[in-house]
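Hey, can you work out the whole structure from these sequences and the hints?
Single-letter residue listing:
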Amino acid sequence: MACKNCTNCGQPDKIDKIVNKFKGDPTELIHCLQLVQEEQGYISQDAVKKISVSLGVPESDIFSVVTFYSQFTLKPKAQYNIEVCMGTACYVLGADKSIKKFEEKLGIKVGEQTEDNKYALCQSRCLGCCGLAPVISVNGQIHGKVTEDKVDEILSKLK
Amino acid sequence: MTYKELVELREARLKEIDVRFNKNSPNKEIMVCSSTGCKSNHGDAVIKAFEQALKQNNITNVTVGRTGCFGLCALGPIVIVYPEGTFYCRVTEEAAKEIVETHIKNGQVATKYLYDPEVPTQTTKADIDFYKKQHFIARKDSEYINPENILDYVALFGYTALYKAVTEMTPQGVIDEVKLSGLRGRGGAGFTTGVKWELTAKETAKQKYVVCNADEGDPGAFMDRSIVESDPHKLIEAMAIAAYAVGASKGYVYLRAEYPLAGQRLEKAIKDAKKYGFLGKNIFGTDFSFDLTIKFGAGAFVCGEETALMHSLEGKRGEPRNRPPYPAQSGVFKCPTVLNNVETYANITEIIKNGGEWYKQIGMGKSTGTKVFALSGKVRHTGLIELPMGTTLREIIFDIGGGVPNGKKFKAVQIGGPSGACLPEDKLDLPVTYDDLSANGAMMGSGGLIVLDEDSSMVEVAKFFLEFICDESCGKCTPCRIGNKRLLELLNKLLDGKGTMEDIDELEALSHFIKENSLCGLGQTSPNPVLSTLRYFRNEYEDLVKNAGKPKTPKYRINKEKCIGCSACSRACPVKCINGEIRSPFEIDEEKCIGCGTCQRTCKFNAIEKV
Ligand SMILES: Cc1cc2nc3c(=O)[nH]c(=O)nc-3n(C[C@H](O)[C@H](O)[C@H](O)COP(=O)(O)O)c2cc1C
Ligand code: FES
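Chains L and Y are the protein sequences, given in the same order.
If you count the first sequence from 1, position 60 lands on 60 in the numbering used here, and the numbers rise without skipping.
Every number in the numbering used here is 1000 more than the matching position in the second sequence, counting from 1.
Simulated from the structure, these hints should not be mistaken for laboratory data.
All of these numbers come straight from a predicted model, not from anything done at the bench.
Beta carbons are placed, not taken as given, at the ideal position from N, Cα and C, and that holds for glycine.
There may be inaccurate statements among the hints.
Ranges of calculated distance between the beta carbons of each label pair, as one might list FRET restraints [stated by the list, open to error]:
hint, chain 1, residue 1, chain 2, residue 2, range
1, L, Lys100, Y, Asp1399, 30 to 38 angstroms
2, Y, Asp1399, L, Glu115, 47 to 55 angstroms
3, L, Thr27, Y, Ser1438, 33 to 41 angstroms
4, Y, Glu1591, L, Lys100, 30 to 38 angstroms
5, Y, Thr1060, L, Lys100, 50 to 58 angstroms
6, L, Asn20, Y, Gly1285, 45 to 53 angstroms
7, L, Lys150, Y, Gly1403, 24 to 32 angstroms
8, L, Lys145, Y, Ala1205, 48 to 56 angstroms
9, L, Lys145, Y, Val1575, 26 to 34 angstroms
10, L, Leu74, Y, Pro1405, 53 to 61 angstroms
11, L, Lys100, Y, Pro1325, 41 to 49 angstroms
12, L, Lys109, Y, Asn1406, 48 to 56 angstroms
Right under this line is the structure:
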């Protein structure tokens, strides 16, 4: 789930609250991480420590889970998270070309983030809207039929 | 909840939504598709526009509602107007105003927004070619149901299958019925569902689980999302029936993280089902109790594999493990577990209502019932289609999908996702059944069908899937982790023009090695895209070696019989290599042609062919 761009990211009391909900239940680790990331936009070192104590899971195990799943990130998220679908349907209809165009326009590569933390560009493996291919999502909001020539228009709306 | 209460609930709701079934109703209802596809096409704004237009015109006998997915997302937002059942496509906010004006006020069909405005007789879903051949079981009734209203589901005989199962049938009776139906898993492997349930039922452990695999990882497939978003109660009811049959009291739905709307809908549905007593303690006054929880995945393809999924459910890394023991003996938290795919469950309620014998009559041979396919790629009509098993690929792609657009030639269809295969033109008459597909090196997978046209390079397609696999391999076993990387390197070498004929043989040998030696289904099937393209399109690999990596530039030729000499191609050609006299056939100078294909896209008479 995308970062809600809250201005109070990382308020410690909120993280404590989430973490305490799952006290002593290691089976809820993934769920707990999801809620923490929804709150903070990423998984901070601090949060990892708190989760470890509350759920009773070693920090090393938490890192191994965080790095296994592509949903989790250890870095703060950008304001606009642009996810270009490179699933089969979208790829066949030219998603690779719009990725190139985004890369050019933003001056970053897939998987990177602009210096000012404004834009992040990543690719996904099917957003489940193949009927609208090629598809992109900006902060979780789906946009359909985004071909290469629509890239400028999309970016102009993300100021 | 007693049976009497269930009937009362159904009849009361049926009266309220009479307009959806009774052609003579004095009222009208405008129902807008509210699934992810149509929502992203501003479906919510369209609902508002309808409400506003009705208000402005002081119309009070027309309501606006939401339905589930019609599977025709590319033409969204989709709107149905009851009682006529008029089916409108591409409904923008502007269109909503027009429909209120033309249809609601003046009683005429707003032809402009029909499925095909040029065929104004196709006004209802049943009239439309795209739906004519379809047969709905798993996706039945979604056009009548507001997915967020449990009463709509009850009105259409919802939860009567569960009632029948827990009060009139023994657990073994349920299992026998499912076995008789011949239903096989829709998640990929096609294991017989009734047998799987029986194995779990035989275990004597006190705690058992039922799990639904809603991880839907195959790119190009979205039927599971559509089912959960459109008809969540169908899944809940089926899981409760499965739990009763195997003796489980707890269930999990493992839902893909990328499907937030499906999550919200399912969460609401579970809450409502608990409220009415379809979930929870002592269901229908029996001693059967069942509770259901959603667990969200976190973005890992391999978690669709059953043992990996169970590790992930337990909050761990989603790594697969060796089988046996199978989940039926040792699954979630080491307890016996039934695990089925969303679409598999979506068939259960109808099987219980109508009997296994009825279900068995649909389909072909050992592949009974229907299958939902997600048709996409280079095809005119994309979307979800549900068909009896055994329908041929040609019927699906050409009769329903409308064939390849822009005058291009069909080249192949990719079926079964990253573990699947590409089948060429001469396999188009293959009936789609589990056995016919596997006999031809393909598999059903989740039912994604991606059509490729003459412009697609099959080696690039194989590379695309291998990149996917390299990203998603969990890394636990060596053949999959390293073997697939090596395959990808070999493909890149060929595509860079540095490959040799020996590399092609190596590609093939290594593929077989990976298949035979990997730990889980991911590695055991990952070389399929390479092997199937090698099997059917080996010449494209060899051309890469011969032409040092450059795919042969395509050449175009004008079919003299079809060309009417309109000169459109000649004017469009960027290098001006097409010449001729107006009204007699034109000709392409092959020396100058750069193979861009502009002429072919321009020609309205399909007179330009690739050679
Ligand atoms: C790599 C891999 C990915 C899979 N992904 C899915 C999936 O996304 N959805 C699914 O239902 N089954 C998936 N499966 C198949 C499951 O392991 C399992 O066979 C299936 O869910 C069983 O349910 P069924 O009998 O109803 O098909 C996958 C298998 C493998 C090896
Ligand atoms: S392949 Fe892009 S949404 Fe499915």
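Against the structure, the hints come out as follows:
1. Range check, Lys100/L to Asp1399/Y: about 37 angstroms between beta-carbon atoms, so the 30 to 38 angstroms window is met.
2. One distance hint, 47 to 55 angstroms for the beta-carbon pair Asp1399/Y and Glu115/L, holds here, with the actual separation near 53 angstroms.
3. The hinted range of 33 to 41 angstroms is satisfied by Thr27/L and Ser1438/Y, whose Cβ atoms lie roughly 37 angstroms apart.
4. For Glu1591/Y and Lys100/L, the hinted distance range of 30 to 38 angstroms is satisfied, since their beta carbons lie about 31 angstroms from each other.
5. Look at Thr1060/Y against Lys100/L: about 54 angstroms separates their beta carbons, and that is inside 50 to 58 angstroms.
6. A hinted range of 45 to 53 angstroms for the beta carbons of Asn20/L and Gly1285/Y is inconsistent with their spacing of about 39 angstroms.
7. At roughly 26 angstroms, the beta-carbon separation of Lys150/L and Gly1403/Y lies within the given 24 to 32 angstroms, and the hint holds.
8. Distance hint for Lys145/L and Ala1205/Y: a CB-CB separation of about 51 angstroms, consistent with the stated range 48 to 56 angstroms.
9. Checked against the hint of 26 to 34 angstroms, the pair Lys145/L and Val1575/Y passes, with Cβ atoms roughly 30 angstroms apart.
10. Leu74/L and Pro1405/Y have their C-beta atoms about 44 angstroms apart, which leaves the hinted 53 to 61 angstroms range violated.
11. Here the CB-CB span from Lys100/L to Pro1325/Y is close to 48 angstroms, well matched to the stated 41 to 49 angstroms.
12. One distance hint, 48 to 56 angstroms for the beta-carbon pair Lys109/L and Asn1406/Y, is violated here, with the actual separation near 32 angstroms.
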